[in-house]
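Q: Make a model of the complete structure from these sequences and hints.
As you go down the protein sequences, you meet chains D and G in turn.
Read in order, the letters of the first sequence correspond to residues 1 to 262 in the numbering used here.
Read in order, the letters of the second sequence correspond to residues 1 to 239 in the numbering used here.
No lab work stands behind these hints: they were computed from the structure.
Only a predicted model underlies this, so the values are computations on that prediction, with no experimental measurement involved.
Ideal placement from N, C-alpha and C gives every residue a C-beta, glycine not left out.
Warning: the hint list may mix true and false statements.
Below, computed lysine-lysine pairings styled on DSS-like, alpha-carbon distance capped at 25 Å [to be verified]: (1) 46(D) / 79(G); (2) 215(G) / 238(G); (3) 79(G) / 157(G); (4) 123(G) / 133(G); (5) 15(G) / 234(G); (6) 46(D) / 133(G).
Coverage of chain G stretches by chain D, computed from C-beta distances (three or more under 8 Å per stretch; other residues unrestricted) [claimed, not checked]: (7) 100-109; (8) 177-186.
One-sided excerpt, in silico: chain G residues whose CB lies under 8 Å from chain D [to be verified]: (9) 48; (10) 75; (11) 77; (12) 78; (13) 82; (14) 84; (15) 86.
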Amino acid sequence: MELRYNRTMFKAPIDMIASIGRAALFLGDVLGVIVRGRVRWGEVFKEVYVQGVQSLGIVILASLASGAVLAMQSRVALERFGAKEVMAQMVALSLVRELSPVFTALVFSGKSGAGVASELATMSVNNQVLATRTLGVDPVGFLIVPRMLACIMVLPILVVVSGLTGILGGYLIGVGEANILSSSYIRQTIEAIGYQDFFCGFIKVFFFAFFIGWICCFKGFFTSGGSLGVGRSTTQAVAACYISVIVSNTILTKLILTLWGS
Amino acid sequence: MILVEGLSKAFNGNKVLDQVSFEVAAGEVVALMGLSGTGKSVLLFHIIGLMSPESGSVTVDGTRITGLSERELLRYRRKIGYLFQDGALYDFMTVGENVAFPLKEHGQLSANDIRVKVDEHLKMVDLAGSFDKYPSELSGGMRKRAALARALVMNVKVLLCDEPTSGLDPIRSHDISLLIRDLSKKTGCTTMVTTHDVVNAFRIADRAFVLNGGKLVAQGTEKEIRSSQAPFVKDFFKG
Ligand SMILES: Nc1ncnc2c1ncn2[C@@H]1O[C@H](COP(=O)(O)OP(=O)(O)OP(=O)(O)O)[C@@H](O)[C@H]1O
Ligand SMILES: [Mg+2]
Chain D
1 MELRYNRTMF
11 KAPIDMIASI
21 GRAALFLGDV
31 LGVIVRGRVR
41 WGEVFKEVYV
51 QGVQSLGIVI
61 LASLASGAVL
71 AMQSRVALER
81 FGAKEVMAQM
91 VALSLVRELS
101 PVFTALVFSG
111 KSGAGVASEL
121 ATMSVNNQVL
131 ATRTLGVDPV
141 GFLIVPRMLA
151 CIMVLPILVV
161 VSGLTGILGG
171 YLIGVGEANI
181 LSSSYIRQTI
191 EAIGYQDFFC
201 GFIKVFFFAF
211 FIGWICCFKG
221 FFTSGGSLGV
231 GRSTTQAVAA
241 CYISVIVSNT
251 ILTKLILTLW
261 GS
Chain G
1 MILVEGLSKA
11 FNGNKVLDQV
21 SFEVAAGEVV
31 ALMGLSGTGK
41 SVLLFHIIGL
51 MSPESGSVTV
61 DGTRITGLSE
71 RELLRYRRKI
81 GYLFQDGALY
91 DFMTVGENVA
101 FPLKEHGQLS
111 ANDIRVKVDE
121 HLKMVDLAGS
131 FDKYPSELSG
141 GMRKRAALAR
151 ALVMNVKVLL
161 CDEPTSGLDP
171 IRSHDISLLI
181 RDLSKKTGCT
191 TMVTTHDVVN
201 AFRIADRAFV
211 LNGGKLVAQG
221 TEKEIRSSQA
231 PFVKDFFKG
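A: Here is the structure:
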């Protein structure tokens, strides 16, 4: 009884360490393919298209809406301090430095990340991954590397789109509702965003993309247990993406602010 | 062609294969029989190098494949065809693209030659009109035949088929059994087929191996197996 209790007590952390170990080995395989120059660029661009199309609509919608909401709320706050005129700056800076990268990464995890994980998981439980090996083809090079590279290429593009549509959302409220002059809203926005603001946000995106690609490919690739397993892997992958984006964002933001200043 | 020596495999202490040894001659067609869960699929996985044994070895076409690295195994597998129970076709490719896939990956053939070869193989399995269909548009039997075409398209020396007749009606089972035998004999490849379908086993195979409890309990031609006195073999073939 005592022994069993201990075993179950240690089971979760041991499983987790084992799983991180496997994920690291898996990443080693992925890097091996890339270093040996075996990247299938045709597949990469196919995946870029698929993942981009999957997430583009929802990213635009979410960014437009959050830009608008951000403008509405900052208007309330700023009017209290009589600082309505800095609304454009506030919206632009919040979006570019923080909201667009994080928001887009979360949306992308739930849409394209889930797509990648479930697709790979389905292939895995239907023996298509094993079949690839029986045909003498390395499934990591054929199925994984293109998807991971595509994540790293698509997410930054989506973040730029998100920043622009978010600013548009803020502009619509600022000009339409808060009666700021269109020309001055645009001028203020452009003046507000320095290149360091842009890169502060943008650097993080590559980390997010890397984590999302890695997690979703790993979870999907090592799936067993039929259609139930597909569902389980996909949910776990998305949850792990959310956690890694949120946690790494906190750490990265602290690091960037410390090293780079504001 | 296929030489298996003292092969043992256990999963979590549960012995699935126990000192299995046999040899299959070049060009021979062999059925691997036994109850569900006796390790037939596990044995095929060892021959294609998807699993490695606890002890013993597998030698195919003079190459000892036990202990090879995955990269060496990928190269070795180009001359082996493997037919999965459900076909395991890529569902994002058409049937034609599926069959063309190994040729595109490994061959030096031009797109035109690939097309000719794929058409020829689809015709062989009676799927001439299905080049542009997706696997989800095919019946189970058609998927198996398409997968058979994909397995054979590299002019393989060894063909391994896992349960080619399962999930098919008796007529389709009969047809695919004869097809596998025909194609094996026509292409001269050495073929192993797992099945628990006693009727079709000898339609396909020259000889049969019977596995029980992880051990090879009988091997031989239909006549030899049917006259076997081993109790399990008698029960198995009585149905
Ligand atoms: N990857 C694995 N991990 C753990 N156990 C496994 C694994 N693969 C197979 N087994 C076990 O090995 C035994 C033999 O499985 P196998 O699939 O070879 O049976 P089979 O003879 O092919 O059966 P069937 O006729 O139903 O296909 C089973 O008890 C199975 O649970
Ligand atoms: Mg089996």
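Q: Work down the list of hints and note, for each, if the structure agrees.
A: Taking the hints in turn, this is what the structure says about them:
Taken as a hint, the residue 46(D) and residue 79(G) pair is broken in the structure, with Cα atoms around 30 Å apart against an allowance of 25 Å. Our distance criterion of 25 Å between C-alpha atoms is met by residue 215(G) and residue 238(G), whose separation comes to about 20 Å. Proposed proximity of residue 79(G) and residue 157(G) is supported: the alpha carbons are some 6 Å apart, at most 25 Å. About 14 Å separates the Cα atoms of residue 123(G) and residue 133(G), which keeps this hinted pair within 25 Å; it holds.
Restraint check: the Cα-Cα separation between residue 15(G) and residue 234(G) comes to about 24 Å, which is no more than 25 Å; the hinted pair holds. Among the hinted pairs, residue 46(D) with residue 133(G) is consistent with the structure: their alpha-carbon atoms are about 20 Å apart, no more than 25 Å. Remark: the stretch 100-109 of chain G is confirmed as covered by chain D, as 4 of its residues place a Cβ nearer than 8 Å to a Cβ of that chain, reaching the required three. Counting residues of the stretch 177-186 of chain G whose beta carbon lies closer than 8 Å to any beta carbon of chain D gives 0, which falls short of the minimum of three for the stated coverage.
Hint status for residue 48(G) relative to chain D: holds, with the closest Cβ pair at about 6 Å, below 8 Å. Hint status for residue 75(G) relative to chain D: holds, with the closest Cβ pair at about 7 Å, below 8 Å. At about 4 Å, the closest approach between the beta carbon of residue 77(G) and any beta carbon in chain D falls short of 8 Å, and the interface hint on this residue holds. Satisfaction of the interface hint for residue 78(G) is found here, the shortest Cβ-Cβ separation to chain D being roughly 4 Å, below the 8 Å cut-off.
Hint status for residue 82(G): holds, given a least beta-carbon distance of 4 Å to chain D, under 8 Å. Annotation: residue 84(G) was flagged as interfacial toward chain D, and the flag holds, the nearest CB pair being 5 Å apart, inside 8 Å. Because the beta carbon of residue 86(G) sits about 7 Å from the nearest beta carbon in chain D, less than 8 Å, this interface hint is met.
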